[in-house]
Amino acid sequence: MALLEVNGLTIYFHTRNGLVKAVDDVSFAVDAGETLAIVGESGSGKSVTCYSLLDLLPKPPAVIEAGTALFDGEDLLTCHPARMREIRGSDIAVIFQDPMTSLNPFISIGEQLIEPLIYHQNKTQRKDRKTARKMAIDLLDEVGIINPEARFDCYPHEFSGGMRQRVMIAMALINQPGLLICDEPTTALDVTIQAQILELIKKLQKTRDVAVIFISHDLGVVAGIADKVMVMCDGTVREAGDTAQIFYHSENDYTKKLLAAIPEGAKVQPNRAEKHKPLVEVSHLKTYFSDSSKASDGKQFIKAVDDVSLNIQRGEILGLVGESGSGKSTLGRSILQLAPTTSGTVIFDGTVLGDLSPKQLVPWRRRMQMIFQDPYASLNPRMTVYETLSEPLLYHGLANSNTIDQQVRQLMDDVGLAHSQMRKYPHEFSGGQRQRIAIGRAIATRPELIIADEPVSALDVTIQAQILDLILALVERHNLTMLFISHDLSVVRYISDRVMVMNKGVIVESAETETLWANPQQEYTRQLLKAIPLADPKQERMRIGNI
Amino acid sequence: MVADNLQQQEECGTSLWQDAWVKLSKNYLALFGLGILCLLTVVSLLTPWIAPYGYEEQNLLLGATGPSLDHWLGTDIFGRDMLTRIMYGGRVSLTVGFIATAVALLIGVLWGAIAGFVGGRTDAVMMRIVDIMYALPFMIFIVLLMVVFGRNILLLFLAIGAVEWLTMARIVRSQVMALRKQEFVEAAHSLGLSEWTIIRRHIIPNTLGPVIVYTTLTIPSVMLLEAFLSFLGLGIQPPQSSWGLLINYGVETMEEYPWLLIFPGIALSLTLFALNFLGDGLRDALDPRTAKD
Amino acid sequence: MLRFALNRLLQAIPVLLIVISATFLLVHSAPGGPFSADKAVPPEVIKALEAQYNLDQPLWQQYVSYLGDVLRGDFGPSFKYSGRTVNELIAAGLPATAELALYAMLVALVIGISAGVVAAMRPNSMQDYLPMSAAMLGICMPSFLLGPLLVLVFGIHLEWLPVSGWGDIPGDKIMPSITLGTGYAAYIARLSRGGMLEVLSQDYIRTARAKGLSERSIIFKHALRGGLIPVVAFLGPAFAGLLGGSFVVETIFQIPGLGRFYVQAAFNRDYTMILGMTIFFATLIIFFNLLSDMLAIWLNPKLRQQAGGNN
Amino acid sequence: MTRQLTDSFFTLCSTIAIILLSTLLISGCGSSENNVTVGNRTGTLHWGNGTEPQSLDPHIATGVPEHKIIIALMEGLVLKDSKTLEPRPGVATSWDISDDGRVYTFYLRKNARWSNGDRHNAHDYVWSWWRALQPALGNLYAYMYFSIENAKEYYEGTLSDFDQVGVKALDDFTLQVRLKNPTPYFLQLLDHYSLYPVHRPTIEKFGDADERGTRWTYEGNLVGNGAFQLLEWKINRRVVVERNPHYWDADNVRLNKIIFYPTENAITEERMFRAGQLHYSGTVPADKIATYQSRNDPALHIDPYLGTYFYRLNVRVPQLQDKRVRRALGMTIDREQIAQRILKAGQIPAYAMTPPNTMGYYPESDLEFNPEEAKKLLAEAGYANGEGFPATEILYNTSEGHRKIAVAIQQMWKNHLNIDVKLLNQEWKVYLNSVNGRDYEIARAGWIGDYVDPNNFLDMFLCNGGNNRTGWCNKEYDRLILEEAPTAKSHSERLAIFTAAEKMLLEDMPVIPIYIYTSNNLVNTSVKNFNDNILNQPSFKEIYLEADTGVEN
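Protein chains in written order, with the working numbering: chain F, 6 to 552; chain R, 13 to 305; chain L, 381 to 691; chain E, 32 to 584.
Calculated directly from the structure, the hints in this document are not laboratory data. Keep in mind that a hint or two might mislead.
Stated by the list, open to error - Think about it this way: if two alpha-carbon atoms lie no more than 25 Å apart in a straight line, the pair counts; the simulated SDA-like pairs of lysine to any residue are:
1. L/Lys419 with E/Gly502
2. E/Lys453 with R/Pro64
3. L/Lys460 with E/Asp241
4. L/Lys682 with F/Lys543
5. F/Lys543 with F/Thr347
6. E/Lys453 with R/Gln252
7. F/Lys509 with F/Gly246
8. E/Lys453 with E/Asp481
Keep in mind it's a predicted model, so treat the numbers as computed, not measured.
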C-alpha cells in the first residue's frame, strides 16, 4: 500500500463569474523514499491538488467535489480539523515557492522554527523550549546554515534568498514528516543556489527516507530529481509514468509540446551586427546607491554598476547574464538614463546622453525603449490597449488624430494581438498577451535600441517560446539593436549574438555566444554553465554527479 | 475562435469603471447606501417646494407636540414643524459635508500627489508643513475663528475643510509613493513624458480608489465636527438649523420630548450608515485585486 | 532610533514657534478684552488693570516678553481666575483629562481591536458585518448624544453608576471613558480589520497554517503583529486628540479636566490661558506623533535595524 | 535582550491593558450611598454652585457663585432676615442713626473674632473700605460706596486724602459713617459682600493691598469672620467650608460642612440633583420645570427674584428715534405667551422696570399688549403697516434662553407690525463690546438688584449713568432721581417721586421691560430652614439637615 494514494480528486472554484474546474479527476500514488514530480504550466492545477491534501485551500470559493486521499490509510479530505492540524507539519510538510514572503518578518527564525515543537497539537509530543532549541540548531546545521547558534535569534530580513529557503526546509523537516510537498522551491532562486537546494533535498530524502512530491514547471529540474513524473494541464492528468518513459518515449502530444518549447542549442538566425558601427558606447560607467541599512558609520555604498565599459553594435542582440543582485538591471536602466549614474559616460549614436537636460533628452528617448519583466505591473491598469499604444505615438508626434487608429491597428498586428481587443484593459489579458502589449508600446516610437529586462522570466515555457520568436522577428523586420538581460542562460543562448557575464557590478567575461558556451574562460562562467539543469534525465544525472 | 462576429464588437470592452459598477450592483448594502443618499439629496434640493410648513412658522400655542396627522414628526418647543426643520437641517448638514470634503479632497489629493511623486527635499518640506498643521490644535483655532470673525457658514466650511485635508494628503502620498515604484510609471518615464503628464495621466487615476473610499468616510466626520461646533454654540446659527443643532437641542429635552431627538438622530445616522456602506462597497469594487477573480 | 527622535524634536521648535505666533496674533485680534464686563467700569480702572497685566504695552513688546516667560516655563497669570497662574490651572486639570484619555483609549483599543480581529477572521460574513456595523454606530453616534443616553439609562433609571464626578464616588469613571472611547473604538476597529485582512492574505500565514499551528495562535501570534501596525500609527494623533477633544464629555460628566478651561478661556479672552493651552496641546501632539512613529518603526524588525537601533 | 522584549511586546501590552481595565471596572462595583443620605447623617450640605468661582476676595468678585461662598465665609456689620430681608444685627450689635439720617454709629460686638482667633474691631472696617476704593484693585462694585461722603471723589482720584471720606473708628468697638445724603437703604448695603471687612494681616502677607492677583483667598490662607471657614479649594472639583469655631454665634450654626460643586452645565446639575448627589441646585433647565410641576414635586422652589429682563433700544438709531415707534414695539410683545409657553417657570410679565413690591413700591405703567393701538402708533410714525421700516437687528449673547425669547418676539413683531427683524447672536465678549460701544439697534439686557430699593433700578437711566447705554437723556428725570428722591421727607413721599420718574421713563420707553425673573431652585426635602426671598440669598447659619423619615427624598 503506497504512503499516499489519491484517486478521483475533483475540486471546483465557485467564483463570482462562474465555475472554474481547477482539478478534474486526478489520481496518483507516492511511496516512502520516492519522488513524484508534478509538471505543468501555471493554472494547470498542480498546486491546488497538493494544497487540498492539507486543507490549505480558501474554503468559500474552493469546494472538494469528489475523490479520496488516503495517507497511511486515513482519508485526508474528510478528517476532522483537529486531526488535520496534527497531520500538518508532523506527517505531511510543505516547502513554499517564495522564501522572501514565506517567513514571518516580525518573529525571529528561531522562534518560528521551534513553534511546531512547542505548540504541537497532540500534547504528548510537546517539547520544552530548551530541547526544542537544541533540535532546531542541529537541524539548521544539517541544512547548511553556517554558525546556527548565533543566527538562531536573527530575523528573516537578515538572510539571503537561498539561506531562507534552507530555513524553510529545516522548518518543514523539524517534526520528521513522512511526506514532503515542495511547491516550486527553487524557481525564485538563482541557478547556482538552485542546484545546492536540489542537492540538499535529495540528500535529506535519502537520510530520512521521506516521500517527496515535487511541483515544478521547469523540466530540467524535474529530470534531475524525479523518480516518477505526472504531467498536468487544465486540471487533468495528461500523462504519468517513470521519468525515463516520460522524457524519452512519451506519446502524449502535450508532453511533447512542453519538451519542444525548452530553448536549447545555439541561435539559428544570422548575426546581423554591423561590425565597426557601435550604436551605444559605454565607458567606465559607475552607479552607486547609498546603503541605508548600514548607514551608521560614514557613507557606505552598494556598487551596483562598478566601472563597466561596453559597446553595442548596431543590429546586434547583446545578451547580459548574471545572478540576481549582479547589477544587470541597473546597468540597463543607467544606459537609458532612468537611474542616476555616479560617473562615466553613455554615448548613443555619437551624443553623450549624460550632459543632456531632461528636456533635451526627450527626442533621444524616442530612439531607445525598454521592455519590463512583470507583465502585470508594467501596464497602467486604468488605460486601455488603445490608449497605451497611442500615447507614445501622439506624444512624439509620430501620428495625428486621423492616422492614429490605423497605426495602432498596425502595431497590434506586429505583436499578434486581435484588433477586437483594442478597447480592453490589461486585467482582461493573460500574461503572454500583456507582454505583447508592452512590446508593442516599446516599438511604437520606431526606436533603434531596445533594452529588454528579463522579458520572459515571468512567463510559462510554451508562451516564453512564442514571445522569444516574436522578439527575433521584430528585430529582423525593424532592424533593431537589443540588449537582452536575463538570468536564464538557455534563453540568452537561444536569442543573443554575443553574451556578457556580469557578477557583483563587474563584467566578468564577454564573447560570441557559441565560443562562450564552448570554452568559458572565467571560473564564474563555468560555474554558471555547469549549473543549468538539462531536460534529459541521463545527461542531467551525469551533470549532477560531477558537480 | 469565431473571428468575424468579434469584428462587430470592435469597440466593446469593459472599462474599469463599468467593471466596478457591475461589481457594485451586486453589493446590496452599497446599493442601499447609494439609494438613501440620492433620496436625501433630492429631498434636500426640493425642500423649499415640498416642505409642509415654512421653516420659520411658529405656533407658540401649540408648543412641543408629538407626531400627529398635520405634523408627521411632531413640533419643537416653538411649535415649528419638525419634518420641515429636519429637511432644512439636512440641506445645511449635507452642504457642510460635501463642500468641506470637496475642499479637503482638492487640496489633499494635489498636495499628496506632488509630495509623493517629486520626493526628496520638496517632499520633506511639504510633509513638515503637514506635520505643522497636524500640530496646530485645530479645535482651538476653529473656536477662535468663530469667536473672532463671527459665525458665517463659509468660514465654517473652510475651517472644517482645512482640518480634513491633512489625512487625505498623507493617504494620497503613501499611495503615490507605492505607485511611483511600479514599472508602468518607469515605462512612462522612459517614453520621455513630462512629470506633470505622468502625474495627471498615470498617477492620479490610480489613486482614485482609496481616495473615493476616504471621501465617503470624511463626509460623516465633517458632519459630526459641525454637530460638535453646534454643541459649543459656534456652529450654525438660528433660525437656520442643521442636524447637529437639532440633535443638540433634542438632547437637552430628551426625557420630556423624545421625538425632538429621535427623528434628527435617525436622519443623521441613516446618512452616515449609507455613506459608510457605499464607501466599503466602492473600496471593494475599485480594488484591482478583486478585479482579477 | 535616537538620531531619528532627535531630528524630529529639532523640527518641532520652528513648528511651536509658528503655533505660538499664530495664536498670539489671532487672540489679540479678537474683539472685546479680558476686562470688559456687563457692569459699567470707569475707564481709569480698566487702564489700571491693563497696566497690572502689562496689556498696555505695544503688541510686539508683549510678544517678546511672553516668549521670554514661556522659555522659562512660566505661562503667566490667568486673567479670569485672578491669582491663579496658567501653569497651576493646567496642572489642576491635567490629571483628570490624562486619566480619562487613558481609559478612553483603553476602551477604544480593547473594543476596537477585538471587533477588528473578529471581523477579519471571516470576511464578508455575518461575523464581519455585525462588529463592523456596531463600529459604524460608534462613528455615527456623537459623544454629546451617547453621553446623556448612558447617564439616563445607567445613572438615573438603573442607578448603577454615579451620574457625574471623577474619582470622588467609585465607578464614576466608567461611563465617561465609554462615551469618549466608542468614537475611537470604531476607527480602530476599521483600521485593525483592514490591517488583519492584509496580513492574513500573506504567504507566511499559509506557512504557519501548514506547520499545524492552531487558528488561535496563528491569529494572535503571527497575524496580530503585522496587522496592528496601522493601528499604532493611528494612536499618536488619536491620543493627542483625546487630550484636547474631551470638552464635551467633561461637560456632560462634570469632570475637572482641561477641556472646559479651553473654551471658557476663549470666551473670556483669557489670553495667557489660551496661549498656554495651545502650546501645551501642540507639544503633546508633536510628542505623541513622534512616539507613535517611533513605535511603528520599533515594531518592525527590519525598519528598526535600518534606523540604527540596537539589536 | 530586546528580541525577547519585542516578541513579548504584545503580551506585555495586553497584560497592562487588562490590569487597567479591571481597576476601572472594580472601582465601579459596590453600590454606595449617595451624597445626600451620607450628608444628612454627617451634617454636610452638598451645594450645586454653577461655575468655578473666579475669586473669593469680596472686593474683586462679582458673580453669583462667588456671592454664595463669600456669605458663608464672611459677614458684614448688618445682616438681613432670611425671610423678610429686614436688617438684623451682624458684627454690629446695635446702631443709631442721626435725625437728619446722614450719620450712622455702629456698636460692635466685644467677642467678635476672625477665624484665626484675632480680635475683630472697628479699625478693620476703615482699612477694608479704604482698600475697596483703591482704583488698581478694579472693584466693579465700588459704586456701592458712593452714598458715603467723599467716597466717589476718592475713588475717581479727585480727592487723595482718605480721612475726608465719611468713615471713622471712634474707638475699638464704635464705627461712625457719614453719608452724602440720607439713604434709607444704607443698612441693606452693609449686607452686600462688597462692603465686607477683610483681614488686613493676611492680605498684606501675600502682597500689597491693591494688588489684584494675590493668593490670600486660597486653601489654607483665607481668614474671614463668617460662620464657616475655608477648608479646601480644588480647582474645578469643589470648595469645602467647615464650621468656624471662633464665630460669635458659633453655637447656633447647625451645619458642620458645606461642599460647593462647580457644575458648569445646568442639565448635568439637574441630573446630579435627581441622582441624589446634590442637596441644592440653583439652575433648573426651563423644559424640566414642567415635569417637576406635573409631579408637584416639593423640591421645586419657584419664587420672584429681584431682577428685570428687558430690551434696550438705541434711541440714536433713525428708525427708533421716534417715541411712538418704541412704544409700538413695546405694546406688541405678548408677555403672557412668553412667560407661559417659553419660560414656563412662573416668570411674571413686566410692564415696568422696577419689580412690584420692592420695599412697598408698586410702579404704575400704562404699557399693555395692544396690537391695534401699536399699529396706529406705527402708522402715525410714518411706517403704516410696517412699510419702509428698515430691517432691525435684535442682539443677544449666546444662550438658550435669550434665543427662545428673541425668536418669539421676532415672530410677534412680524405678525402684528409686519416688520422684519433679524437676530444677531454674538458671543459674550463681542456682545459686551457692541453694547458698550452702542453698536446695536435692539439689545437684550437684564438687571439684578443689588439691594431692595427702586433707586437701584431707576438710577441706571440717568444721563451719565454708566449702565444707561441707550443714549436716552431726560434732565427732568435726572432732577427727580438725583435731587428730589434723596431729600424726600418720608418713605411714601420718596416712593411717589420714584413713581413719577418711572412713568416718565416708560412714556419715552428707551427700554422695553419683558418679565420679572424668578429664582428656580431645586432643594432636597431634607434641607430645613431654607427660606426663599427675592434676593435668593440663603442663610447658611440657619440651614440644617434632617432626613425625612419615610418620605423618599
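Against the structure, the hints:
1. With a C-alpha separation of about 17 Å, the suggested pairing of L/Lys419 with E/Gly502 holds against the 25 Å cut-off.
2. Proposed proximity of E/Lys453 and R/Pro64 is supported: the alpha carbons are some 23 Å apart, at most 25 Å.
3. For the proposed pair L/Lys460 and E/Asp241, the alpha carbon gap of about 17 Å is at most 25 Å, so the pair holds.
4. For the suggested pair L/Lys682 and F/Lys543, the alpha carbons sit about 45 Å apart, so the restraint of at most 25 Å is broken.
5. For the proposed pair F/Lys543 and F/Thr347, the alpha carbon gap of about 49 Å is over 25 Å, so the pair is violated.
6. At most 25 Å may separate the alpha-carbon atoms for a hinted pair to count; E/Lys453 and R/Gln252 meet this at roughly 12 Å.
7. Note on F/Lys509 and F/Gly246: the hinted pairing is violated, with a Cα-Cα distance of about 43 Å set against a maximum of 25 Å.
8. At most 25 Å may separate the alpha-carbon atoms for a hinted pair to count; E/Lys453 and E/Asp481 exceed this at roughly 33 Å.
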